Amino acid sequence: MTAGTMNISHPRLPQWAPALVGVMALAVAGLPALLAGWSPVTWLIAGTTVFLVAMPSWSRVVEGRRAAVDRLVTALIWTAFAVAVSPLVWLLYVVVRSGLPAVNADFLSYSMLNVIGDEQGGIFHALIGTLLITLAAALISVPIGILTGVYLVEYGKQSRTARIITFLVDVMTGIPSIVAGLFALALLVLLFGTAFRAGIGGSIALSLLMIPTVVRSSEEMMRLVPDDLREASYALGVPKWRTITRVVLPTSLAGIVTGVVLAISRVIGETAPLLVVAGATDGVNTNLFDGRMTTLPVFIFSQYASSTPVGYQRAWGGALVLIALVMVLNLVARIIGRVFAPAKAH
Amino acid sequence: MTATASQERTESTGPSPPSRRGDRVFSGTVRTAGLTILLALVAVFVFLAIEGWAGLTSDAATYAPFSSFGSYIVPLMVSTLLASAIALVVAVPFAIAVALFISHYAPRRLAAALGYVIDLLAAVPSVVFGLWGGRYLAAYLQPAHVWLHDHLGILPILGDPSPNGRSLFTAGIVLAIMIMPIMTAISREVFLQTPLLHEEAALALGATRWEMIRYAVFPYSRSGMLAGIMLGLGRALGETMAVAMVLATTPTTTLNVIATASPPTIAANIALNYKEATPERQSLLIATGLVLFVVTFLVNFAARWVAGRSTRRMAR
Numbered sequence: 033m034t035a036g037t038m039n040i041s042h043p044r045l046p047q048w049a050p051a052l053v054g055v056m057a058l059a060v061a062g063l064p065a066l067l068a069g070w071s072p073v074t075w076l077i078a079g080t081t082v083f084l085v086a087m088p089s090w091s092r093v094v095e096g097r098r099a100a101v102d103r104l105v106t107a108l109i110w111t112a113f114a115v116a117v118s119p120l121v122w123l124l125y126v127v128v129r130s131g132l133p134a135v136n137a138d139f140l141s142y143s144m145l146n147v148i149g150d151e152q153g154g155i156f157h158a159l160i161g162t163l164l165i166t167l168a169a170a171l172i173s174v175p176i177g178i179l180t181g182v183y184l185v186e187y188g189k190q191s192r193t194a195r196i197i198t199f200l201v202d203v204m205t206g207i208p209s210i211v212a213g214l215f216a217l218a219l220l221v222l223l224f225g226t227a228f229r230a231g232i233g234g235s236i237a238l239s240l241l242m243i244p245t246v247v248r249s250s251e252e253m254m255r256l257v258p259d260d261l262r263e264a265s266y267a268l269g270v271p272k273w274r275t276i277t278r279v280v281l282p283t284s285l286a287g288i289v290t291g292v293v294l295a296i297s298r299v300i301g302e303t304a305p306l307l308v309v310a311g312a313t314d315g316v317n318t319n320l321f322d323g324r325m326t327t328l329p330v331f332i333f334s335q336y337a338s339s340t341p342v343g344y345q346r347a348w349g350g351a352l353v354l355i356a357l358v359m360v361l362n363l364v365a366r367i368i369g370r371v372f373a374p375a376k377a378h
Numbered sequence: 003m004t005a006t007a008s009q010e011r012t013e014s015t016g017p018s019p020p021s022r023r024g025d026r027v028f029s030g031t032v033r034t035a036g037l038t039i040l041l042a043l044v045a046v047f048v049f050l051a052i053e054g055w056a057g058l059t060s061d062a063a064t065y066a067p068f069s070s071f072g073s074y075i076v077p078l079m080v081s082t083l084l085a086s087a088i089a090l091v092v093a094v095p096f097a098i099a100v101a102l103f104i105s106h107y108a109p110r111r112l113a114a115a116l117g118y119v120i121d122l123l124a125a126v127p128s129v130v131f132g133l134w135g136g137r138y139l140a141a142y143l144q145p146a147h148v149w150l151h152d153h154l155g156i157l158p159i160l161g162d163p164s165p166n167g168r169s170l171f172t173a174g175i176v177l178a179i180m181i182m183p184i185m186t187a188i189s190r191e192v193f194l195q196t197p198l199l200h201e202e203a204a205l206a207l208g209a210t211r212w213e214m215i216r217y218a219v220f221p222y223s224r225s226g227m228l229a230g231i232m233l234g235l236g237r238a239l240g241e242t243m244a245v246a247m248v249l250a251t252t253p254t255t256t257l258n259v260i261a262t263a264s265p266p267t268i269a270a271n272i273a274l275n276y277k278e279a280t281p282e283r284q285s286l287l288i289a290t291g292l293v294l295f296v297v298t299f300l301v302n303f304a305a306r307w308v309a310g311r312s313t314r315r316m317a318r
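First to last, the protein sequences are chains A and B.
Each number in the working numbering comes from the position in the first sequence (counting from 1) with 32 added on.
Each number in the working numbering comes from the position in the second sequence (counting from 1) with 2 added on.
Pulled out of the complex, with its shape left as it was, chain B reads as follows (with noise of 0.2 Å):
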């Protein structure tokens, strides 16, 4: 209303006449930059297209030691989409027990301190993560693994572990910790919105401090957390270092996620194979990624839209 108020106001501004030039070209320009980045989003796709089109349909030998694209690029699926489901599972409580515990539970001088620590997490390179996750957590997860396949080593998932710990399992872990700052920070905000009203009502009925959160808050959060979990997910799809820092990776095709070695994720084959390539694989390497855009795009497109439908404030 207020923003409706102020338009007509300024546009009605009529008579300046010394400055209408100076008005011209400076909403000009600002309305350029703006368009830059639309264009920028369209450029990213139209390029990687054209660089990638011929890495679609190459020669047999160039997708050694698979014979097309699609038997290229489903291996990397699988294991993109299972790290990035390990790392969901693991993170997604995680996000919103922190996110509780900042916004409910700390004691209120406290909160926004602690709120800086979780986003410290976030601050630390991923080059960092991987660097640390193989060469120490890989070696501290590796009795997990063995636990894992001793217990449940009936799924097909689980099975012969791997012993020095590099497995698609713990690169999942190091996705959850790499992608619970941003889940968290978007749970926070839309638990921070919750109507005091809604919450005092409850807690005035007798409820206990879970009781309310559980009738109060939750209902009104529910699409913000889904947002942020969509987020995360996206962020799992696209994370490249750590996955190439702490997966052993060949290309076979496992769905093993405590093996020796499984096929790499879509990003980090790119990254661990950009140096030996050759033009024809270079398309090919271009035209997974063009891939992993079109999906992780998708994924933001509806985590953002869900997010737009509830408020528009938590976006960030």
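Pulled out of the complex, with its shape left as it was, chain A reads as follows (with noise of 0.2 Å):
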């Protein structure tokens, strides 16, 4: 519109201008932050609010509106990057400072038994209750997951009660963790009595949540394996069922197991279901079907809860192990992922 004579084109900047405006913006902001004394973190706002308005105005300058508002909204998407990512860098950082303090091998070997004030206390307890609630939250949720997969991808198809199925776990993928853990609770207090606490209630109420994703994981993977393959044994006179079993799940094992994998690294967080069903102790407790029983989620919430400052630094060690267990979790189950999936597909 603007374009002279001679330019069919628009003038655009060089692609070096955003590299040399976010230096300038920085050092413009510098200034200021070196005489005032900022944060860094200060600093770093201030520049990139000073980016925010130059870049869009040279820009409509040299390029004209439509190329200023573009390069306006490059500039803000990735600024909101920055700006979401920023809070999981800050609490990572939180957590591993004030968490590795408190983290030595009496804290992982120590229960929370007769543990007065001050005194040394660990999170052996809670990591039992953990291990114990999460492997029976598995031991339920895999087996139903699994089959519902296979009931989706192999016999359902495109039938009705095989679309209200879908339809239904994609639902129960939003149900709030602490409703679960009320239904497992009502449904002990229905069976066994007001008062009555125990593990095994928080195992229901995690795999409530985990069955969602283990049955989207599953048929996800097992609509991966070929038809082909499918067919090939059917053509050599082998039945469904050891089709499905010999054939369809061995191939979408790898995938299956992540998806399991990547459940479990979910719920072990959970607190407000163990909360309300599992109650809190400070002893071990191996018993799933007897007794109140502490996960490690419940025991820092339970510490925090305390307001004092040993209490707090339980939590953050708590927290610490919490999070290493989630990150490793999600790691083997991306490894599990990456190295057994294309090997077995043959």
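Worth flagging that the hints you see were computed from the coordinates, not collected in a lab.
Predicted, not measured: the structure shown is a model, and the values here were computed from it.
Fair warning: there could be bad hints in the mix.
Computed footprint of chain A on chain B; a stretch qualifies when at least three of its residues, placed anywhere within it, have a C-beta under 8 Å from a C-beta of chain A [claimed, not checked]:
#1 25-35
#2 45-59
#3 299-307
Taking beta-carbon pairs under 8 Å as the criterion, some of the chain A residues facing chain B (in silico) [what the hints assert, rightly or not]:
#4 GLY79
#5 VAL101
#6 LEU200
#7 VAL221
#8 THR226
#9 PRO329
Note that CB positions come from ideal geometry on N, CA and C, so glycine has one too.
Two chains, each in its own frame: build the complex with the hints.
Okay, here's the thing in structure tokens:
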């Protein structure tokens, strides 16, 4: 529109323009930052603001309005991403910094039994509780989840029942965890009386939260198995159920295991349902079917709720261990998915 | 089409006599597993209703300091809605921007890794978010409370600011961080499903990248984005620990989201009071849980319905 008679295209800013403006924006913000002694975070925020104004303005002058809007949006989107990631970085930093001093061999191997005041306590009982409750939850939800996946992919196909199940599984992923906990509580209370608390209730609640994830991932993985493999198996006279257990499931095994591990990592940090149904105790309890059982997240919460310096300290230590557990599980899941998936598909 | 074709094929594989029973047992087993899930959902509703029924019509003392179920749950409901609204207002722009960043802006080689970073945010347990929110974020956001009160204090929701930042506002921010990953994940997937031809056509007509996104990507993914937002809302309504740990709670009624103390959300109220609950109080808490379940179920139901109308793949 504004192009001269000679130019067919608009003039463009050179490729290095954003980098140049970025450096200059930081420099411009750096001057008052040095003088007024701002923190690095304030400096970065000021620099970003300068960039958000300067870059579109320059572009407006040289390239025109539309390009300027484009540059503004690009800058905003990069900024938004940086802002969105910052809580994660900050949180991880805080957890490691506050948690490390609390974690030592005693912290990992002692329970809170008979620990008074500032004495060294530990998370051993919580680790045992988390391990048992999560394992039991996996034992309940993995078979149901995978078999449902088989039903949806191999038997249900487009049938009405299968569509309803798929839809409700999706809806189920959104059940608040506290509701799952209340459900388990209501179940136990109805069966065993109002004061009954047990670890197995926590497992029931967690499996309700795990099942949708397991169904989704096993369904998705089994859909990836090429029909050729199934047909080849049928052609050899192998019955359908043998085809599924011998061909389809092994082929998609890596993906399914990845899904299961991710599901476990999701529920291992659940607090609310366990708080309600498994309760909390200071000692080690290895019986899932009787008595209260502390898990790691509940331990963190009750230490936090105690509002004492040593309680906060223990809470941070527990948080570090919990985050490490979750991250390791995540990593293991990705590695399983990465390493075994292609090798199996032949 | 392929599905129906293969179905016909497998069902008409008439003669395979030795395997008939194994097949029947196996298909029965997997069908039972599927039906178990339906049964579980019904059971959730039924058990909550059975145990919570008494909580709806107890004697007045149970609802102290209120006198009936209605007046007990209204402040909780208001807090729940306010916190979720704050979370949505903050999280939606970020979620869409981050999804766009990963689908259209980030260097292609980095995109997958950056998406993984956002997924990590979803992996952080809620209790850790609560710990961080209560011990660090609240203090950092306290000046923001004062600023909001000074500049926008005429709004009834921005009354006297909290001295320590442990307000509904801070809880809403923590919720926003927690629900952003799910909204990002779903928006990202619908953005990536925009037909490449539409995008290339827009660019070929001389559109800038933003114009291409506005006129080709957004119209195509509107319902997917809406579904993502509603799923985020569902999460925010039911999130417990972050609110329970950040918010300083009292059973008063206030609309002031930056107040020193607010009524807890429904979910947080359950978590905070389960311990000293008498059987009547326990029924009451279960009854509020039933309300929460019905509300979140409806929100999620609507979200999946909206999502299902566009594509099925993006449900996750």
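(Q) For a quick check of understanding: which of the numbered hints are violated here, in increasing order? (A) Going through the list in order, the structure violates hint 4 alone and respects the others.
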